[in-house]
Structures are given as structure tokens and as C-alpha cells.
Amino acid sequence: MKIIGQFNHGFIIVQLGNHLFIVDQHASDEKYTFETLQSTTKFKPQPLIRPKLIHLPIHDEIIAIDQKEHLEANGFNFIIDNNSSSGNRIRLTSFPVSKGIIFDESDFLDLIHRLSHHPHPNVRCQKVYDILASRACRAAVMIGDALDHYSMTKIVKNMGQIQFPWNCPHGRPTIRHLYRLG
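182 is the number that the UniProt record's numbering gives the last residue of the sequence shown; the numbers go up by one with no jumps.
Everything labelled a hint here was simulated from the structure, so no lab data went into it.
Since we're looking at a predicted model, the values are computed, not measured.
Where hints are given, some of them may not hold.
[To be verified] Calculated lysine to aspartate or glutamate pairs in the EDC-like style (CA-CA distance at most 20 angstroms, straight line):
| hint | residue 1 | residue 2 |
| --- | --- | --- |
| 1 | 127 | 110 |
| 2 | 157 | 145 |
| 3 | 52 | 69 |
| 4 | 68 | 104 |
| 5 | 157 | 35 |
| 6 | 52 | 72 |
| 7 | 2 | 148 |
| 8 | 52 | 81 |
| 9 | 127 | 72 |
| 10 | 127 | 104 |
| 11 | 44 | 72 |
| 12 | 44 | 105 |
| 13 | 42 | 105 |
| 14 | 68 | 110 |
| 15 | 99 | 72 |
| 16 | 99 | 130 |
| 17 | 68 | 105 |
| 18 | 68 | 81 |
| 19 | 127 | 35 |
| 20 | 42 | 72 |
| 21 | 52 | 104 |
| 22 | 52 | 110 |
| 23 | 154 | 35 |
| 24 | 42 | 110 |
| 25 | 42 | 69 |
| 26 | 42 | 130 |
[As the list claims (entries may be wrong)] Simulated restraints on C-beta separations:
| hint | residue 1 | residue 2 | range |
| --- | --- | --- | --- |
| 27 | 167 | 80 | 36 to 46 angstroms |
| 28 | 51 | 4 | 52 to 62 angstroms |
| 29 | 93 | 139 | 31 to 41 angstroms |
| 30 | 126 | 160 | 23 to 33 angstroms |
| 31 | 51 | 116 | 16 to 26 angstroms |
| 32 | 116 | 52 | 15 to 25 angstroms |
| 33 | 44 | 17 | 43 to 53 angstroms |
| 34 | 80 | 121 | 14 to 24 angstroms |
| 35 | 16 | 85 | 54 to 64 angstroms |
Don't be surprised by glycine CBs; every beta carbon is placed ideally from N, CA and C.
With these hints in hand, go ahead and build the complete structure from the sequences.
Shown next, in the form of C-alpha cells:
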């Protein structure tokens with residue numbers, strides 16, 4: 001994509017072939033930052049004083065056991081008690097912590113539910129999604145920021161490096177078709 005310029009200190013006008021597009025500089029930078037945070041952020045586990053028994057439907061228990069590494073990467077450490085009956089084998093030994101934000105059993109259950117529908121490496125519980133979306137929003141280029149050609153190019157190139165570049169984490173579109181030339 002060829003950078004044409006910045007419009008109204010909020011949008012980047014680009015050309016691809018004989019088409020003009022408008023790129024929301026904030027939403028695009030936020031989305032790139034969000035996906036980077038999604039793939040790199042690790043939450044430290046806060047050990048519990050004693051393991052907490054988690055009662056789960058058998059299907060969810062199987063998902064938790066199969067996705068143990070993913071759950072632990074998100075700060076939810078647990079042991080599996082093979083001497084207990086199905087649905088009562090998971091014992092949480094830690095919850096994740098992040099800058100004073102408290103996670104709990106409901107976040108663990110939310111992550112299991114999400115993994116059952118989308119077993120993807122970047123799946124996070126809703127609370128983590130919200131935290132990362134907020135961090136990405138605050139770190140992104142803002143509407144009103146004047147950008148030089150290098151900064152505009154970087155934002156547009158970064159969009160091409162992410163898996164789902166079409167909307168920021170809050171749902172705002174990152175790019176729209178403006179006009180077909182000729």
C-alpha cells in the first residue's frame with residue numbers, strides 16, 4: 001500500500017492499485033499492540049494457601065486436563081487428583097495476578113469455556129482480554145496526533161503482520177474502502 005498522507009490528524013489515506021482506503025490510525029495501532037500483547041503477555045501465578053477443588057462437568061474437566069499447559073501459561077496452575085471421581089479431579093493451586101487485578105474461579109471457568117469453543121493459543125478469559133485491550137488502547141497512537149511518513153508507514157505495515165486486522169479490540173473498524181480511481 002502506498003501512503004498518500006494523513007487526514008484530519010486521525011486517518012491515513014493509502015492507495016492499493018486503483019483503490020483508495022482510509023485507515024484509522026488509532027484503531028490500527030491499537031489492534032497491532034493488542035495482538036502483540038495477546039501473544040507475549042504472561043501472567044504470574046499467585047499460589048493459593050491450599051489447593052481449591054473445582055467441580056466441573058466431565059467435558060470441561062477433560063478440556064482443562066488437555067489444555068493444562070495453556071491454562072498454566074495464563075497463571076491458572078492446578079493439580080489433577082486421579083483418585084477422585086470425574087468432575088472432581090481438578091485442584092487449583094494458583095490464580096494469575098496483574099497489577100492489583102484479582103482473578104478467581106470464574107475467570108478459570110471462563111477460559112475453559114472459551115477453549116472449548118476456540119482452542120487457539122491466544123485465547124484468554126474475558127478479564128484478560130479487557131485488560132489487554134485497555135493497555136493497547138492507552139499505548140496506541142491517538143486521534144489528533146500528527147504523524148510523519150515513517151510513522152504512517154509503520155502503522156500500515158504492522159496491519160499486514162497481524163492475523164485479524166479489521167477491527168480494534170473495542171470493535172472499531174481499522175480500514176475502509178474510500179474510492180475506486182478511474
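Evaluated hints:
no.	hint	in the structure
1	127 x 110	holds, 9 angstroms
2	157 x 145	holds, 18 angstroms
3	52 x 69	holds, 18 angstroms
4	68 x 104	holds, 17 angstroms
5	157 x 35	holds, 14 angstroms
6	52 x 72	holds, 15 angstroms
7	2 x 148	holds, 14 angstroms
8	52 x 81	holds, 12 angstroms
9	127 x 72	holds, 16 angstroms
10	127 x 104	holds, 10 angstroms
11	44 x 72	holds, 9 angstroms
12	44 x 105	holds, 16 angstroms
13	42 x 105	holds, 18 angstroms
14	68 x 110	holds, 14 angstroms
15	99 x 72	holds, 18 angstroms
16	99 x 130	holds, 14 angstroms
17	68 x 105	holds, 15 angstroms
18	68 x 81	holds, 14 angstroms
19	127 x 35	holds, 16 angstroms
20	42 x 72	holds, 10 angstroms
21	52 x 104	holds, 11 angstroms
22	52 x 110	holds, 17 angstroms
23	154 x 35	holds, 16 angstroms
24	42 x 110	holds, 17 angstroms
25	42 x 69	holds, 13 angstroms
26	42 x 130	holds, 15 angstroms
27	167 x 80: 36 to 46 angstroms	holds, 38 angstroms
28	51 x 4: 52 to 62 angstroms	holds, 59 angstroms
29	93 x 139: 31 to 41 angstroms	holds, 32 angstroms
30	126 x 160: 23 to 33 angstroms	holds, 28 angstroms
31	51 x 116: 16 to 26 angstroms	holds, 23 angstroms
32	116 x 52: 15 to 25 angstroms	holds, 21 angstroms
33	44 x 17: 43 to 53 angstroms	holds, 48 angstroms
34	80 x 121: 14 to 24 angstroms	holds, 22 angstroms
35	16 x 85: 54 to 64 angstroms	holds, 59 angstroms
Violated hints: none; the structure is consistent with every hint.
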